[in-house]
Each structure stands twice: as C-alpha cells, then as structure tokens.
Amino acid sequence: MATTDVGWIDAEAKPRPLVDRLHAWVTTVDHKRLGILYVGYGLLFLVIGGIEATVMRLQLVRPHNGFVSPQVFNQMFTMHGTTMIFFVAMPMVFGFANYLVPLMIGARDMAFPRLNAFSFWLTAFSGLFLYFSFVGGYGLYGAGTAPDVGWFAYAPLTAKTFSPGHSTDYWTIALLVSGFGSIGTAINIIATIVSMRCPGMTLGKMPLLVWLNLVMAGLVILAVSPLTAAQIMLLVDRYLGGHFFDTQAGGSAVLWMHFFWVFGHPEVYVLVIPAFAFASEIIPVFSRKPLFGYPVMVAATVGIGFISMSVWAHHMFTIGMTSAGNTFFVLTTMLIAVPTGIKIFNWLATMWGGKIYFKAPMLFCIAFLFQFLIAGLTGVMQASAPFDWQLGNSYFVVAHFHYVIVGGILFCIFAAFYYWYPKVTGRMYSEALAKLHFWLFVIGFHLTFDSMHVPGLLGMPRRIYTYEPGRGWDTWNFLTTVGVVFQAVGVLAFAFNLVRSYFRGRPAGTDPWDAWTLEWSTTSPPPEYNYTSVPVVKSRRPLWDLKHPEDPDWKYE
Amino acid sequence: MFSLFASEAAIFVIFIVAYLFYAGKSVSGPTASVLHAPLFLTACLLSSSWTIHRAVAALRRGDVGSFARSWVATIVLGAVFLGGTALEWRHLIRDEGLTVRTNLFGTTYYSLVGLHAFHVTVGLIALATVALLTAGGHVKREHAERVDLLGLYWHFVDVVWIAVFLVVYVVGR
Numbered sequence: 001m002a003t004t005d006v007g008w009i010d011a012e013a014k015p016r017p018l019v020d021r022l023h024a025w026v027t028t029v030d031h032k033r034l035g036i037l038y039v040g041y042g043l044l045f046l047v048i049g050g051i052e053a054t055v056m057r058l059q060l061v062r063p064h065n066g067f068v069s070p071q072v073f074n075q076m077f078t079m080h081g082t083t084m085i086f087f088v089a090m091p092m093v094f095g096f097a098n099y100l101v102p103l104m105i106g107a108r109d110m111a112f113p114r115l116n117a118f119s120f121w122l123t124a125f126s127g128l129f130l131y132f133s134f135v136g137g138y139g140l141y142g143a144g145t146a147p148d149v150g151w152f153a154y155a156p157l158t159a160k161t162f163s164p165g166h167s168t169d170y171w172t173i174a175l176l177v178s179g180f181g182s183i184g185t186a187i188n189i190i191a192t193i194v195s196m197r198c199p200g201m202t203l204g205k206m207p208l209l210v211w212l213n214l215v216m217a218g219l220v221i222l223a224v225s226p227l228t229a230a231q232i233m234l235l236v237d238r239y240l241g242g243h244f245f246d247t248q249a250g251g252s253a254v255l256w257m258h259f260f261w262v263f264g265h266p267e268v269y270v271l272v273i274p275a276f277a278f279a280s281e282i283i284p285v286f287s288r289k290p291l292f293g294y295p296v297m298v299a300a301t302v303g304i305g306f307i308s309m310s311v312w313a314h315h316m317f318t319i320g321m322t323s324a325g326n327t328f329f330v331l332t333t334m335l336i337a338v339p340t341g342i343k344i345f346n347w348l349a350t351m352w353g354g355k356i357y358f359k360a361p362m363l364f365c366i367a368f369l370f371q372f373l374i375a376g377l378t379g380v381m382q383a384s385a386p387f388d389w390q391l392g393n394s395y396f397v398v399a400h401f402h403y404v405i406v407g408g409i410l411f412c413i414f415a416a417f418y419y420w421y422p423k424v425t426g427r428m429y430s431e432a433l434a435k436l437h438f439w440l441f442v443i444g445f446h447l448t449f450d451s452m453h454v455p456g457l458l459g460m461p462r463r464i465y466t467y468e469p470g471r472g473w474d475t476w477n478f479l480t481t482v483g484v485v486f487q488a489v490g491v492l493a494f495a496f497n498l499v500r501s502y503f504r505g506r507p508a509g510t511d512p513w514d515a516w517t518l519e520w521s522t523t524s525p526p527p528e529y530n531y532t533s534v535p536v537v538k539s540r541r542p543l544w545d546l547k548h549p550e551d552p553d554w555k556y557e
Numbered sequence: 001m002f003s004l005f006a007s008e009a010a011i012f013v014i015f016i017v018a019y020l021f022y023a024g025k026s027v028s029g030p031t032a033s034v035l036h037a038p039l040f041l042t043a044c045l046l047s048s049s050w051t052i053h054r055a056v057a058a059l060r061r062g063d064v065g066s067f068a069r070s071w072v073a074t075i076v077l078g079a080v081f082l083g084g085t086a087l088e089w090r091h092l093i094r095d096e097g098l099t100v101r102t103n104l105f106g107t108t109y110y111s112l113v114g115l116h117a118f119h120v121t122v123g124l125i126a127l128a129t130v131a132l133l134t135a136g137g138h139v140k141r142e143h144a145e146r147v148d149l150l151g152l153y154w155h156f157v158d159v160v161w162i163a164v165f166l167v168v169y170v171v172g173r
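Here the protein sequences line up with chains D and F, keeping their order.
Heads up: the first sequence at position 128 corresponds to 128 in the numbering used here, and the numbers run straight through without jumps.
Heads up: the second sequence at position 59 corresponds to 59 in the numbering used here, and the numbers run straight through without jumps.
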C-alpha cells in the first residue's frame, strides 16, 4: 500500500511537459477526453457563431444601417446557421453522450474507441475547413469566399451558374465530412448501449439519458445519411456537370428541399432529445423525487423519433404541394405535439410535491420548461398550413426556431454544464456567477426572441440585410439587438466561471448533488478506466439503493 | 454493423428516390431504353454471396484451405461484375453518347449504379486484403467472426444490387 502511495505522489510532483500532455490529448481514444474535446470544440464555435449573430443584429439595429454589406450579411447568416447546427449543437450533444453514456451504463469506454477518435477529428477538421473559406480560395482578394447560400442552401442557388467559385463547395464538403463523423459516432453510441451495459442493467433500468441518446443516435443514422446522399448529388452536379438540381435541364429544386428537410427536421429532434435527456436527469435530482412516468417517457421519446421522420414537408408548405400532401404534414406535425406534451407534464409531475433546490442546473431546466412550451405552441400555430402561408419565411419563423434551439436546447446544455462540471473537473463552480449567468441570459433571451416574433407578424421577412423605417419594425429590432448584449455578457460570466472554478473552485467530492446514477459513484474526475470493479445494478437508481439499503428501489420496480 | 447498414440503406434510398423521381423526365438524349439487363453479371454477384458464405463456414470449421478457395472465388466473381459494369459503361459512353452531363437519365443512372459499384470496389479491396493475409498464413479459425463481418457487408452489397437492378433495369424501363 505504502509503495503505491509513493508512486502516485511522484507522478504528481513532476507534471509532464506540455508537449507530452498535448500529445496525449491529440492521440487520445478515451471517451471522457473525446467528450471534453467535443464540448470544448462546440464552445469555441459557439463564440464564433455568436459573433456572427451579433454582426447581423448590429446591422439590423436601425433601418438603413450600413454596418456590413449585403454580401457579408448573406455570408453571416449562412455561416451562423451552419456553424450553430453542425459545429456547436451536434458536437455538444455528442460530447455529452460520449462522456456520460459509458459512465452511466457502467462501461469502461465506448464500444469502438478508435472510431470515436476518428469521428471527432472528422468533425473537427470539417469545421476548420468550413472556416478556411474566409481566407482560402479567392478569399484573400477581399471579403472572403465564405458560403452565402443560406444554411439550407436551396437549389438552384447552389448551381455552378449562380454560385461560381468555391464558396458552396466549402459548405457542401464540410457538411459531407462532418456527416461521416456524426454517423460514426451514432453507430458507436448504439453499439455501446446495446452491448456494453453492466450486469443487471436491463433496457428498462437504463438511466433515461441513455435511452434518449439511443433514440438520438438512431435518428442521426436515419437523418444524416439522406443529407450525405444529397451532398454527394450536389457534388456530382457541381463537379461532374450532373443535373440533379439543375432546373434548366429538367432537374428539380423541390427535390433538394425534400432531401434537405428529410434531414433537417429529424435533426431538430436529434438536438432536442439530448436536451430532454439532461432535463430528465437534472429535474428529479433537484426535486428529490424519482422521475415521474419512466416507461411513458421512453415510449414518448420513441414515438417522437418515429413521427419526426414524417413531418419534414411542414418546412415546405409555401412551395405549393397538393392539398393531400399539406393535410398529411399538418396532421403529423400536430401529432408530434402529443408525445412532447406528455414529456412536459411528466417533468412537471416530477417537480410536483418535491423538495425543489433552486441551484443553477435546476434554474436552467425550469426556464427550459416554460420556454420550450412557448416554442412548441408557436410550432403548433405554424403547423397549420394556412397560417404558415401567411408567416412562412418571416421573422416569426426565425423567432420560433430560436426559441426551440436557444430557449430549449441551449438552456438545457447550460444546465448540463453546471450539473456535470463537478464530475468532469472535480471542482464546484461558483453558484453566484452561475446565477448571474442565468438571469442575464434569461433577460437577454426574452428581450431578443420575444421581440423577434412581432416584426414577423408585421411582415418582416427573414434574411433581409436592411429595411425601410416606419413599418413598425424599428423598435422591435432595436430591442432584439439590445438583448444580444445581455446574452453576450451572460456567456462571458459562464466562460469566466468555467475557467476560474477549474483553478479556484472548492473540491467537489464524488457526489456533490446526492444523485442516483452510476457516474456519481466513481471519483471526480473519473479515472481513465472509470470503475475499478464493474458495477452491478438492480434498479434505475443504483446509488439510491446503496445509500438506502433499508428501502431500495428494486423492491418496487 | 447493422447500424452502418441502416445508414447505407438510407443513402441508397435517397438515390433510388431521385432515380425514380426523374425516370422518364429527361428532355433530350438517350433514355433508359438503351439499357440491357446485365443478367450474367447479376448472376455472378449473387452467386458470390453463396461462395463467401461457404468461405466463412469453412473458416468456422478451421478448414483454411477450403476457406481460401471460396474466398478467391468470391473475389473473382466480384471482379467479373465490376469489369462487366465497366464494359457496359464503355458501351454507353462510346456508342450511345450517354454521360453524367448528357441528361437527367445519365446523371441519375451513373450516380446510382456508380454508388453501388463504389461499394463493390471497397468490398473487393477489403476481400483482397484478407486474401493477402491468408496467403501470408495470418488468417486462422479464431478470425472467423471478423471475416464474417466482411461477409455481412458483402451480402448487404448484393441485396442493394437486387434493389438497384429492379429499379434501374426492370421498373425504370
């Protein structure tokens, strides 16, 4: 025993040189390190995408503003959308899945550690490739050749005729490569969950986060693959002179829309289901009650997964489909509100009668509940085709999906950051700074995105780089931009908190939240092998059973 | 592995949808009527599924010699298929004047069949790698499970060919 201690102290006393440590990070196949890399990478791009959003908001702060040219504005909204979806939200989701899934199922790593590393680096390099467009190609002549065709890159804008040079190629190749990375990670997550659960953990005893990530990974496989196919077709069009989306040779621009949204809509659920997963872990712990209706939650999630594959054309009501097509997509879209509503009621029922602790993760989850409800309601509004004809392509749509992505997904991601920060770093974050971040962000969020609905209702189209004064849009646009300041300061507080607490935070211990899932039974941060001996579980809350041997869960499940 | 197949299948489905969507919509140039169903090549590819199945079964028994023979037969059958496709394309390009650029039929035909041929090529490279390893005496009974995965991939490529064949040479004409 004594000799082991001495060895350990020796290793601590002489920190390895920086090059060695960097080398260890670059060549790592450890799921925890890759998870941190994914999340760090997502944070970096969150700042970049946020700067792009700020540029757009500064341009729109008053009518006839001349902050950026129309060309740059086009590049900004294209890069903002592409970055936020593919290089912020997806890496964050994958990062958390990578870190948490093996820990929660009592495994020592993912099923394919090297595929895991490979997928991460594919994603990483495709993001760098996308941003290389600012300086590469003909970029050095002036404003750069960043893609400027919008994040869904409708045909025929992407055809060689209308998009000469390489700007669209950067977009399509970056998405193709990151798509391969996503598919690799999704396969890895499924294989891990299916075959590496610890003894006793039947499917019905997995933490809900694991279930939801299983559904998410399945959706990635079914949703990202069509996008990959569509990108290959676009490349055939652009490089081999094909005619898939070439309207002059009989090709169809509408086909691209279908292919894109077959990916695009399930993608929303790829991002929001992990957000649900975070809420489903955090709300019970801070309400001191087990999750209400576990089997129903699983069923609702699987239901959402299935229905989400058949709602894509609600993005396309305004292109003129048949009335039968419209009706089908109206009904499926409204149908998906049902399992989503079930989830919201389950979270509320979990909190009902519980002893609620208003710590930062819980605050973000509560805000998520309210905001996601409103986002869902505006979604149901637009699910009705005639209403959508009126508001399609307006700022109302922009406000709606930002409510989902920022108000729903980003809030849950912040909650997850605070909840698992002690586990990942071994240190507690500063609760005061976290609350400051929360309130700044809530105020900023509502200033920006509540205000954004109104000019949409008043007829302001999305993607315009400026507008005429006196249409009733001026004040609302001003308020929207003011909200950005609050959000930006909030994110600064968040980043400062992460860095400062890493060095100055008080040690967190193994289980600072008195939580119930397996990851809290190992040290913080967990050792490379996660668990010295493989855990055995008997219920959905294995740590509860350990802490309360007189009243274990498995007696009731 | 089955997740990978689901993903690959989704990619092929999109290409097949595009092919069917544009079937008969070309405004000029040759159409699907110039195609002749490659029955012999199809027979080669489908029977290669049987040989690879026999190869894996032989390796499970530990019969490396029989494994190697069936394995090489699979490679030969796959190569015949690929070569046949090349000859078919040569005919289409030289005699019928059909390329990716010509019209929608050309674009969709070469993309769909080409995507499948690409998968056959990848499979052949993997099969050849295993063949080389076998020649070096590195493949033994305990590798049957890994080799089986490759066999699964090969079966998948064959099943996709049945779909592509039906779409391009039966329904599409």
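These aren't lab readings, by the way, just hints derived from the structure by calculation.
For each residue, glycine too, the CB sits at the ideal point set by N, CA and C.
Watch out, some of these pointers could steer you wrong.
To be verified - Sample of chain D residues facing chain F (criterion: CB under 10 Å; computed from the structure):
1. 47
2. 393
3. 446
4. 447
5. 450
As the list claims (entries may be wrong) - Partial pick of chain F residues on the chain D-facing surface, computed with a CB cut under 10 Å:
6. 2
7. 27
8. 86
9. 89
10. 92
11. 106
Verification of the hints:
{"no.": "1", "hint": "47", "verdict": "32 Å, violated"}
{"no.": "2", "hint": "393", "verdict": "25 Å, violated"}
{"no.": "3", "hint": "446", "verdict": "39 Å, violated"}
{"no.": "4", "hint": "447", "verdict": "41 Å, violated"}
{"no.": "5", "hint": "450", "verdict": "38 Å, violated"}
{"no.": "6", "hint": "2", "verdict": "9 Å, holds"}
{"no.": "7", "hint": "27", "verdict": "5 Å, holds"}
{"no.": "8", "hint": "86", "verdict": "17 Å, violated"}
{"no.": "9", "hint": "89", "verdict": "14 Å, violated"}
{"no.": "10", "hint": "92", "verdict": "15 Å, violated"}
{"no.": "11", "hint": "106", "verdict": "8 Å, holds"}
Of the numbered hints stated above, those contradicted by the structure are hints 1, 2, 3, 4, 5, 8, 9, 10, listed in ascending order.
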